[in-house]
Amino acid sequence: MKIQLQQCYFDFEQGFQLQDINWQIETGQHWVITGANGSGKSALVATLAGFGEKIAGSSEGIVEAVALVSFEAQAALIERERKKDDADILDVIAVGTTVHQILAEGDVNASVVKDLVEKFALNYLLDRPFRALSTGETRKVLLIKALASEPQLLLLDEPFDGLDADTLTMLQQYLVKLSHKISIVMVLNRCDEIPDFVTHLGYMREATLAHCVARSDEIAYRELQQLLHLKTSDLQIPPTADSSAKSLLDPDQPLVLLSDICVKYDQLKVLQDFNWRIDAGQHWQLCGPNGSGKTAILSLITGDHPQCYSNDIFVFGFNRGNGESIWQIKQFIGYVSTALQWEYRVGTSLRNVIVSGFYDSIGLYSKATDKQRNIADQWLALLGMQGRADQSFNKLSFGDQRLLLIARAMVKHPPLLILDEPCLGLDDINRQLVLALIEKICAAGLSTVLYVNHHSEDTIAGIENYKNIQKHSSNVD
Amino acid sequence: MSNNYFNTLALRDQLEQLGKCRFMHLNEFTEGVDALKGKKIVVIGCGAQGLNQGLNLRDSGLDVSYTLRQAAIDEKRQSWKNASENGFTVGTYQELIPTADVVLNLTPDKQHTAVVTEIMPMMKKDACLSYSHGFNVVEEGMQIRQDLTVIMVAPKCPGSEVRAEYVRGFGVPTLIAVHEDNDPQGQGLALAKAYAVGTGGHKAGVLMSSFIAEVKSDLMGEQTILCGMLQTGSILCFDKMVEKGIDVGYASKLVQYGWEVVTEALKYGGVTNMLDRLSNPDKIKAFDLAEELKDIMRPLYNKHQDDIMDGTFSSGMMADWAEDDVKLLGWRAETAETAFERTPAGEMEISEQEFFDHGILMVAMVKAGVELAFETMTAAGIIADSAYYESLHETPLIANTIARKKLYEMNATISDTAEYGCYLYNHACLPLLQDFMKNIDTDVIGKGTVNDDNGVDNARLIEVNTALRTHPVERIGGILRGHMSDMKAII
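Going line by line, the protein sequences match chains A and B.
Going by our numbering, the letters in the first sequence line up with residues 319 to 795, in that order.
Going by our numbering, the letters in the second sequence line up with residues 378 to 868, in that order.
Keep in mind that the hints were calculated from the coordinates and are not lab data.
The structure presented is a predicted model; accordingly, all values stated were derived computationally and were not measured.
Ideal Cβ positions, reconstructed from N, Cα and C, are used throughout, including at glycine.
Hints are not guaranteed to be accurate.
Stretch by stretch, here's where chain B covers chain A in the computed footprint (C-beta under 8 Å, at least three residues) [said to hold, decoys possible]: (1) 617–628; (2) 677–683.
Derived DSS-like pairs: lysine-lysine, alpha-carbon spacing no greater than 27 Å straight-line [as the list claims (entries may be wrong)]: (3) A:Lys685 - B:Lys533; (4) A:Lys587 - B:Lys453; (5) B:Lys458 - A:Lys582.
Work the whole structure out from these sequences, hints included.
So, in structure tokens, the structure goes:
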């Protein structure tokens with residue numbers, strides 16, 4: 319058996335369309351398809367059972383003997399039974415189709431049905447009308463029907479949802495046995511439910527199959543699991559150690575006020591007469607081409623630009639250049655950029671990298687308190703990196719380093735979080751990881767987010783203010 | 378001609394000043410930069426140290442501006458660009474010095490007399506003058522106006538690192554001192570501490586020393602073990618390997634990177650750890666070679682220390698300054714022409730351990746140089762802490778410059794004063810070791826020993842290990858490395 323979909327587009331009801339699907343399933347492979355809600359994972363799996371109207375692309379090797387168990391199939395069966403009932407014009411209470419009758423319908427192996435009915439402990443239900451069953455019970459009936467049809471390809475959409483513990487164990491064991499004979503494709507939302515026999519993972523995003531990863535590719539597999547973790551779990555941003563620096567701010571004053579800013583190097587003017595006011599709670603996106611001065615603006619705010627002393631800059635209650643130190647400024651800011659990542663070349667542990675965010679230092683030069691360590695561990699859990707606290711930062715993948723630096727920036731709940739092209743240099747899956755984390759942070763509302771990039775398509779939910787700067791380099795007259 | 382200040386002191390005062398060196402604890406810096414808050418700091422010179430220290434001080438909330446010679450401003454020289462592009466106020470001596478509460482003199486040693494003589498009359502009454510090296514005061518006997526406070530703050534790293542470490546939230550080890558003859562209000566120490574905090578030095582460790590201890594130990598260390606021994610050793614080891622038919626690329630690489638690798642072991646665990654990286658028979662071999670080297674070189678180390686103490690060295694160097702550095706420049710050109718300098722390192726891989734196994738002589742040279750320099754300094758009255766920092770502690774830093782671009786890089790990075798002393802040492806040491814080198818073969822440099830088994834005599838091994846571990850440089854080193862690692866990066 320080999321199924322191959324190439325550049326396929328499928329139309330579904332209500333205008334939903336699967337786009338540009340490229341997917342290959344071979345004998346001996348078992349897949350889990352996953353993704354956020356609404357990403358089209360159920361639809362994708364349903365196409366293998368003939369659902370959806372293919373409007374473009376080529377598909378080969380679609381097998382006939384397919385069995386699909388899904389919420390939609392379950393709903394359809396229930397709907398069918400309900401219609402039967404409605405169609406009954408006699409003024410009697412319809413009994414409806416019994417479970418026994420439902421199970422006997424179609425081309426099924428009766429001895430398998432018998433065996434499974436016993437295993438699922440459904441004997442006592444056989445004579446009941448199907449419509450009278452609970453959701454969990456109808457799910458079991460559907461599973462039995464599917465398994466007893468002896469398919470070549472078994473499609474299970476969230477098969478473990480709503481099953482009691484005993485049944486779950488039984489089903490999982492049964493699937494392991496079955497996996498030696500046929501291919502199984504499942505839709506699962508939770509990565510901790512992925513059975514051991516699964517060989518491949520597919521990730522759906524915005525109606526397309528964005529990533530296919532073999533389980534043997536450990537790094538890619540782990541990244542995908544992390545992404546699922548961030549996308550699909552109900553995560554809480556960990557608390558901060560003591561009161562955030564926010565309490566030191568006057569809520570009536572802007573966080574940042576840049577007035578008539580001018581930056582020049584030698585003969586080159588990079589910024590001229592630039593003005594910007596950022597109030598607390600306003601998430602901003604700063605856009606502009608390379609060389610337009612985005613990084614210069616940010617470093618004027620963070621105090622890393624030496625010309626911050628020769629400009630009119632008000633930040634966090636300080637008019638710059640009046641005796642404040644940069645550490646007094648930095649305590650209000652969380653900052654992530656590629657440049658920071660280049661700078662952050664230390665062999666320290668993942669936990670220490672996060673704790674260093676409390677001190678705004680690269681590397682950790684103070685002893686971490688128990689509370690700080692505990693918070694760092696909560697962040698690691700949020701990132702899906704629990705159990706890796708003592709690993710060395712410089713041995714991490716580029717994408718994991720970036721996630722960790724975002725956690726470092728957020729650990730103190732800074733009033734202003736600056737993300738300077740946080741996806742730069744990342745591959746797609748790591749970009750998705752970073753964006754998923756940023757969305758969680760924006761949604762938590764703990765920090766005002768200032769997000770910088772030069773791709774306007776990398777938008778983040780929750781950011782509503784945009785500042786576009788044009789390239790302004792000009793020679794000084 | 379100038380008067381050597383040290384030589385004007387009575388012996389008891391000389392000894393008292395030489396004996397000053399104390400590692401300060403972080404809790405001695407709780408006042409932060411308060412002593413400098415609101416004061417006007419004017420920096421003379423905007424090279425690597427000047428610019429980077431100024432950037433740090435300003436970021437610590439202090440008021441910093443730069444003063445340059447009129448010509449440097451008019452011609453928009455690099456120093457002017459450095460200061461003005463970083464948003465600092467820049468002005469002439471006449472414009473800024475009279476307004477300064479603290480003047481930081483960060484010009485090279487040889488300009489000190491001219492610069493200080495020129496600015497001193499313009500300085501405010503009761504202001505402070507800060508140096509980063511005590512040569513001008515101690516060796517040239519510069520007399521400073523009695524109302525002025527004179528301090529020294531010397532970060533023990535190149536300027537670029539002073540800045541980089543500050544930005545990371547850390548700092549570099551820093552030496553501070555107060556010139557007791559010029560501390561009329563007793564504020565010198567408070568000012569020096571605040572300055573060290575302003576550059577971030579307090580986080581990495583501050584040594585409280587004296588002008589005299591700084592100058593006499595710094596000169597001794599840089600001339601002998603730090604630069605002199607590494608330069609002489611590089612040339613001797615390379616030439617020996619070539620003479621014995623070892624591939625020149627390999628020989629060049631073993632020497633260029635070998636110093637860095639073996640002194641890395643020194644940095645972590647002293648001379649003991651460096652020798653512990655060798656097999657037992659090789660360790661005994663290195664120990665014996667070092668003993669022999671120490672016997673041969675001891676008179677040379679004594680002579681350097683004596684010349685430094687009585688001012689012979691500095692007057693010799695100042696005479697060369699007066700002749701436009703003719704000797705220094707000649708020696709510099711000569712070094713550039715040595716076979717080691719001219720032979721590029723080969724492409725082959727040398728493992729970390731191989732640098733030890735094939736560089737037994739280099740290990741012996743480092744051991745001999747560190748111990749001799751330390752012994753000579755402490756015998757001359759310099760306190761062990763100072764002697765440790767100016768010998769063992771800095772050796773890896775200098776070795777690192779050789780790894781970057783051989784002797785050229787080392788001599789370009791160190792001060793002219795260090796470079797001059799290094800050449801003096803090299804010229805005396807090369808002939809001194811001629812006979813010793815005749816008996817050297819590739820077993821101790823280039824190829825390593827071929828031991829069928831690693832057996833050694835128990836009694837001899839115990840003797841060697843005990844000698845290594847009980848050397849005074851190891852005792853003080855153990856204590857000081859303990860302090861430092863408390864404060865250092867938790868890596």
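Tested hints:
Only residues whose C-beta sits within less than 8 Å of a C-beta in chain B count toward coverage, and the segment 617–628 of chain A has 7 of them, enough to reach three; the restraint holds. Coverage of the segment 677–683 of chain A by chain B holds. Counting CB-CB distances below 8 Å, 7 residues qualify, and the rule asks for three or more. Of the pairs offered as hints, the one joining Lys685 of chain A and Lys533 of chain B holds, with about 24 Å between alpha carbons and a cut-off of 27 Å not exceeded. As the CA atoms of Lys587 of chain A and Lys453 of chain B are separated by approximately 18 Å, the hinted pair is consistent with the 27 Å bound.
A distance of roughly 12 Å separates the Cα atoms of Lys458 of chain B and Lys582 of chain A; the hinted pair therefore holds under the 27 Å criterion.
Violated hints for the displayed structure: none, as all numbered hints are satisfied.
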